Amino acid sequence: MPSALDIRIPLDVPAGEQERYRENYRAITRDTGRLMLFAGDQKIEHLNDDFYGEEIHPDDADPEHLFRIASQARIGVFATQLGMIARYGGDYRDVPYLVKLNSKTNLVKTSQRDPLSSEINLVQQAVDLRDRTGLTILGVGYTVYLGSEYEPVMLYQAAQIVNHAHAHGLVTVFWMYPRGKAVKDERDPHLVAGAAGVAAALGSDFAKVNPPKADGKIDAALLREAVAAGGRTGVVCAGGSHVDMQEFLQQLHDQIHIGGTVGNATGRNIHQRSLDEAVRFCNAISAITLDNASVEEANKICTGGRY
Amino acid sequence: MPSALDIRIPLDVPAGEQERYRENYRAITRDTGRLMLFAGDQKIEHLNDDFYGEEIHPDDADPEHLFRIASQARIGVFATQLGMIARYGGDYRDVPYLVKLNSKTNLVKTSQRDPLSSEINLVQQAVDLRDRTGLTILGVGYTVYLGSEYEPVMLYQAAQIVNHAHAHGLVTVFWMYPRGKAVKDERDPHLVAGAAGVAAALGSDFAKVNPPKADGKIDAALLREAVAAGGRTGVVCAGGSHVDMQEFLQQLHDQIHIGGTVGNATGRNIHQRSLDEAVRFCNAISAITLDNASVEEANKICTGGRY
Amino acid sequence: MPSALDIRIPLDVPAGEQERYRENYRAITRDTGRLMLFAGDQKIEHLNDDFYGEEIHPDDADPEHLFRIASQARIGVFATQLGMIARYGGDYRDVPYLVKLNSKTNLVKTSQRDPLSSEINLVQQAVDLRDRTGLTILGVGYTVYLGSEYEPVMLYQAAQIVNHAHAHGLVTVFWMYPRGKAVKDERDPHLVAGAAGVAAALGSDFAKVNPPKADGKIDAALLREAVAAGGRTGVVCAGGSHVDMQEFLQQLHDQIHIGGTVGNATGRNIHQRSLDEAVRFCNAISAITLDNASVEEANKICTGGRY
Amino acid sequence: MPSALDIRIPLDVPAGEQERYRENYRAITRDTGRLMLFAGDQKIEHLNDDFYGEEIHPDDADPEHLFRIASQARIGVFATQLGMIARYGGDYRDVPYLVKLNSKTNLVKTSQRDPLSSEINLVQQAVDLRDRTGLTILGVGYTVYLGSEYEPVMLYQAAQIVNHAHAHGLVTVFWMYPRGKAVKDERDPHLVAGAAGVAAALGSDFAKVNPPKADGKIDAALLREAVAAGGRTGVVCAGGSHVDMQEFLQQLHDQIHIGGTVGNATGRNIHQRSLDEAVRFCNAISAITLDNASVEEANKICTGGRY
Amino acid sequence: MPSALDIRIPLDVPAGEQERYRENYRAITRDTGRLMLFAGDQKIEHLNDDFYGEEIHPDDADPEHLFRIASQARIGVFATQLGMIARYGGDYRDVPYLVKLNSKTNLVKTSQRDPLSSEINLVQQAVDLRDRTGLTILGVGYTVYLGSEYEPVMLYQAAQIVNHAHAHGLVTVFWMYPRGKAVKDERDPHLVAGAAGVAAALGSDFAKVNPPKADGKIDAALLREAVAAGGRTGVVCAGGSHVDMQEFLQQLHDQIHIGGTVGNATGRNIHQRSLDEAVRFCNAISAITLDNASVEEANKICTGGRY
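Protein chains in written order, with our numbering: chain W, 1 to 307; chain V, 1001 to 1307; chain X, 2001 to 2307; chain C, 3001 to 3307; chain Z, 4001 to 4307.
Some hints could be false.
[Claimed, not checked] List time: in silico DSS-like cross-link candidates among lysine-lysine, alpha-carbon distance up to 27 Å: (1) Z:LYS4184 with Z:LYS4300; (2) X:LYS2109 with C:LYS3300; (3) C:LYS3181 with Z:LYS4217; (4) Z:LYS4181 with C:LYS3104; (5) V:LYS1213 with W:LYS104; (6) W:LYS213 with Z:LYS4104; (7) Z:LYS4213 with Z:LYS4109; (8) Z:LYS4104 with Z:LYS4184; (9) V:LYS1181 with X:LYS2213; (10) W:LYS104 with V:LYS1104; (11) Z:LYS4184 with Z:LYS4213; (12) X:LYS2184 with V:LYS1104; (13) X:LYS2109 with V:LYS1184; (14) X:LYS2181 with X:LYS2213; (15) X:LYS2104 with C:LYS3109; (16) W:LYS213 with W:LYS181; (17) W:LYS213 with W:LYS104; (18) V:LYS1109 with X:LYS2300; (19) Z:LYS4181 with Z:LYS4217; (20) V:LYS1181 with V:LYS1300; (21) X:LYS2104 with X:LYS2184; (22) X:LYS2300 with X:LYS2184; (23) C:LYS3109 with Z:LYS4300; (24) C:LYS3300 with C:LYS3184; (25) Z:LYS4184 with C:LYS3104; (26) Z:LYS4217 with W:LYS109.
Keep in mind the hints are simulated off the structure, nothing from the lab.
Source: prediction; values computed, not measured.
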């Protein structure tokens, strides 16, 4: 894993921001080069579907649950909208934040209209919040729907966001999702690899992709093409839907050690649990991601043991 | 109810505006944390339908009726368009105002085209009016139609409005309405909760939602999911269509004490009455909202008694 | 009729421009509070249909005809596009002007596409022309098509125009026309009243509406709802299509004295006549509008007598 | 023909630019008030259709052919895109230029989509090029497709261009073409007159129209309505498709002396010939336009004689 | 081939940037007036299709492969997105770069929607990167889809890019592709010539076109019309799909010596090979392009010999 000196600073980070970029990169990867991103942008993305329902712990009904987890668990960064950070950040100053700059609800389906998730906050607003409050804002995030009829809007905003974020020493994470009427199989490994490559061409530091599938099944080895296509842009994998914790950790371990990813972005799989369980699960994920822990060791963390 | 010290100031309010934001928040909630918003934006939203007709008192035909009520009744804030405030505000300097920043007519139905209500005035213009005239402008309002094909435009404007309003110490109230071809049931409690959660993610101080229904019936308990999803964003409920005053007050009481809302936004139900009756009804609503009055006590105010 | 002191200056007129606004308002209403607007924006709106044809006097073929009338007749203000004012205004410096800021041709019908009339000149350009040349530019005008699918564009531009115009002491006149696939009856009195109310909510000083009809017939009493809905926004009525002069004057008289309007906006009905007849008819209209002349007196002016 | 003192300077030309505007107007009309515009914008408008083919002289295949003609022939102004002027203008400093600010190809037909020709260069860029290089840039040009569903875009850009061009002392020429699904007969004399009137309302100095037709036949007298409608905006006529030179000159003579136009805009009819023939034909056109030469005299110039 | 003094500097290059433009032009053509452009923008344009698959060497899976080739082979310039240059450029400072300013994926086909490739980075951002880092950024590139319903957007951006690029001394290369529902035959020689002519009218320094075909067959002589239409805008030809190296070199030789092109733009045909073979093939292409080498000599370079 990289020492601080190994961090390659992209050239669009100006001299005066290079030290900050390096520190942000170190912080977001906890000096490991690996990213454990706790995703909490679903209040717009999925409305209340991820926060309230039969299989969801009541703790999750309150948005503050996300901040409690982010504060108590070991994470690389907590991704959510600027409005949420502004509202709760004052009470959770220890949390490392990533401002998710665009979001859309899930109401309009692709069958009705291709997806457009447009910027709702500007990089400059994230920078202003950081600079005025001293909050630990390490980076910004953005979702790109490749293959949407609105792709030109999102490619433009994405490239601009990299440029503006790097200009202020911020790390970028892009959610790269092929989606739209033109996209037949969002999980096709070759297409997922293409998505990682687009993130590289846009200059993003990290690209989150969904786990590719062949014949309808996930297989960590299928990620290798994406990891290669991403080049110096680190590929991390989505945590996906609610599954068995042990299975989840095994998949994550495989993604990293077989697929070659450099981390994960996990949301509802963490926060739909009680605070205590969420923190332990989060820590288990971090152990695998950041410490190269085995699945067995991580499982112990889940069940309350330490390793 | 919160004392001044309990008001949590979001971090997007800069230091130099925090005192003003706190004062505005106290004023708009009359030091109770609860919001009694008198809504008067219908001259665009509903054209003349709310102001002239069989069941409507002739007093309501004149726009000044709204200002007379706002001036004589006890309210938290009077919401209307900037043009109206500029025209009448000079004669009603005692009224606390909230500038409704977007509006659309009801002519184009969702079956023809999904709703787009776009900004017609900018936060800066509300700020300029306040700063130049000394009017008591406490906040700004905005309607978001979630699930509309134009949702990206409104999410963007909404997030920007929170940022700009807070930058100038103004309180924000968002009308959160799921609407569009993709929305099958606007009153679904889970969807209404999602709408409240979006307001939270956008960073708004208050979210006005329509009363949720299950099996076609309203039930104040259905609001609890929305109130939880809103978190620190206060959820207030729409006053809805013209109903019996007593029934209205009972519903409002239930919304607050069963549903957990922190207030109401009521418009035509107030202003379609004669000035005298409107003021009394308004005061009844305020008694429940701001003073925790019982329905009985409030009814007395309606009928002209005091409690 | 109002003395200068009675003019209510809206609050979006800054202190430094209030005297100018008051003077402009006095001038445009010729100290009567009533508006006689001579409309000459049809070269874009109706192409050459209003200027050349069987029933049209040859004088009208030349655009300068409009300026000759405006210069020789007694009017409140002459409304036309900035380009026209720039071209002819140097030779007609005595004419009071209102810059019509948007225009569209009549080629694309509503059955093909809903109407969009977008700004072609900015308030600032009208202000610059006024300030640089000393022309008497008293106000600006704008058409809003309520119920069009492009309504959001026009509501935005309209609200901005009021704000910018008042910021520079200019009076605003809005043409408020319900039109589009969603509009079944443009002349419905309740809808026309709604249109007047929108102008009030936008903060315009005057709203021009088309004469409402019930059962296909105009009736000045139908205007009362609109006049009430407009509140402090003065409602003036369109002159409409070419009709008998005497009938026209009777209708105008009824609009004012029965309907409660504060003036008229008349175009082709004036300029399709020879210069001499146009001037006399214009003066007759002004006599009714500005002097409370009787129809009989006005008719005398038409026929060349004086009263 | 006007002396310099007769040139009416529109009021949107600021005092500091009036002398330049007058000089530009004199130069573009060669002190005659008449315009001989050599149109060379077809490389975008018609792709290579006008420059290469069976009836076209090989000289025309090279874009420099246009500049050679413009340099050697007697013209009022040569209209082409800024990119062309920037590329060749250094070698053709004697040519008077007009920057054509918008252009589209002919690939998308009206049956597929209504025409939109949007600005590709800004007035300011033409001004910068003039001021930095000392090139003789006398004016700017723009095409308006009236009746297109994109008409609002073009009316806006057109009105802005007049304002900006006059602000910098530049003369404007507008190509006024009714076109779109809503336009049944582009050559209808009444519609062509309407187009000329729109140019007047936009404030353009010149309007180029296509020759109107009645019953499918051109007739110079049909132009009179357009010339009247243009008022002080000079109407010039399109040179049209490749026809017999003598016939062309007769038509031009008729347009001016019967129709009342003040010039012509001719492109492919000139440049599809050999350099020598093109120059002679160009000079013949100029003789009629600028010198009131007879058709006979002009024909002599075509055949190489002088008159 | 031109000496430095022969380079014609377009007039939109200001005096202070002329020396830089001349140096950039010399560098990009390696003092020959010919352009050997190594195209590496396919990570967005073609996703991972060009980088991973049966016929593709594994070296190509890693984006750095492109930089290794660009660094080790003899090229005029390496074209790729700004994000890629920012990420890898620090380790490949010897490479001459051209920033490709727009890109789209190949997911949405023309049958679904006409192509729009919109700017993702601005000329100013390329300039800033150059000026801050000292990287050798010689120019910018842009793709124009003529005949697309979005043509107006791209013509505008293209003309603006020439203006801004030249203002900063940068050379421009435009990919000129007729494409859209309106385009029946993208390879039609007359249409390809039209595309070259548009690039000339836009003022670009170079235009890349696809090899025209007659009766479905390419023929270098068909390029002559395009080369003529381009005028002083140098026409270079696309390298096209993966073909036999020798055949490729023969075609290139014919394009230059029969068709009159001034170079080539080649991408996947180079980088889908192993590093060693790619470098040799690249050098072979450069030998033909820059040194007027024969096909035989170039083939020797491919096979590892020198000539």
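Hint check:
no.	hint	in the structure
1	Z:LYS4184 with Z:LYS4300	40 Å, violated
2	X:LYS2109 with C:LYS3300	50 Å, violated
3	C:LYS3181 with Z:LYS4217	38 Å, violated
4	Z:LYS4181 with C:LYS3104	16 Å, holds
5	V:LYS1213 with W:LYS104	25 Å, holds
6	W:LYS213 with Z:LYS4104	25 Å, holds
7	Z:LYS4213 with Z:LYS4109	22 Å, holds
8	Z:LYS4104 with Z:LYS4184	21 Å, holds
9	V:LYS1181 with X:LYS2213	34 Å, violated
10	W:LYS104 with V:LYS1104	22 Å, holds
11	Z:LYS4184 with Z:LYS4213	13 Å, holds
12	X:LYS2184 with V:LYS1104	18 Å, holds
13	X:LYS2109 with V:LYS1184	33 Å, violated
14	X:LYS2181 with X:LYS2213	19 Å, holds
15	X:LYS2104 with C:LYS3109	23 Å, holds
16	W:LYS213 with W:LYS181	19 Å, holds
17	W:LYS213 with W:LYS104	25 Å, holds
18	V:LYS1109 with X:LYS2300	50 Å, violated
19	Z:LYS4181 with Z:LYS4217	22 Å, holds
20	V:LYS1181 with V:LYS1300	44 Å, violated
21	X:LYS2104 with X:LYS2184	21 Å, holds
22	X:LYS2300 with X:LYS2184	40 Å, violated
23	C:LYS3109 with Z:LYS4300	50 Å, violated
24	C:LYS3300 with C:LYS3184	40 Å, violated
25	Z:LYS4184 with C:LYS3104	18 Å, holds
26	Z:LYS4217 with W:LYS109	44 Å, violated
Hint violations for this structure: numbers 1, 2, 3, 9, 13, 18, 20, 22, 23, 24, 26, all remaining hints satisfied.
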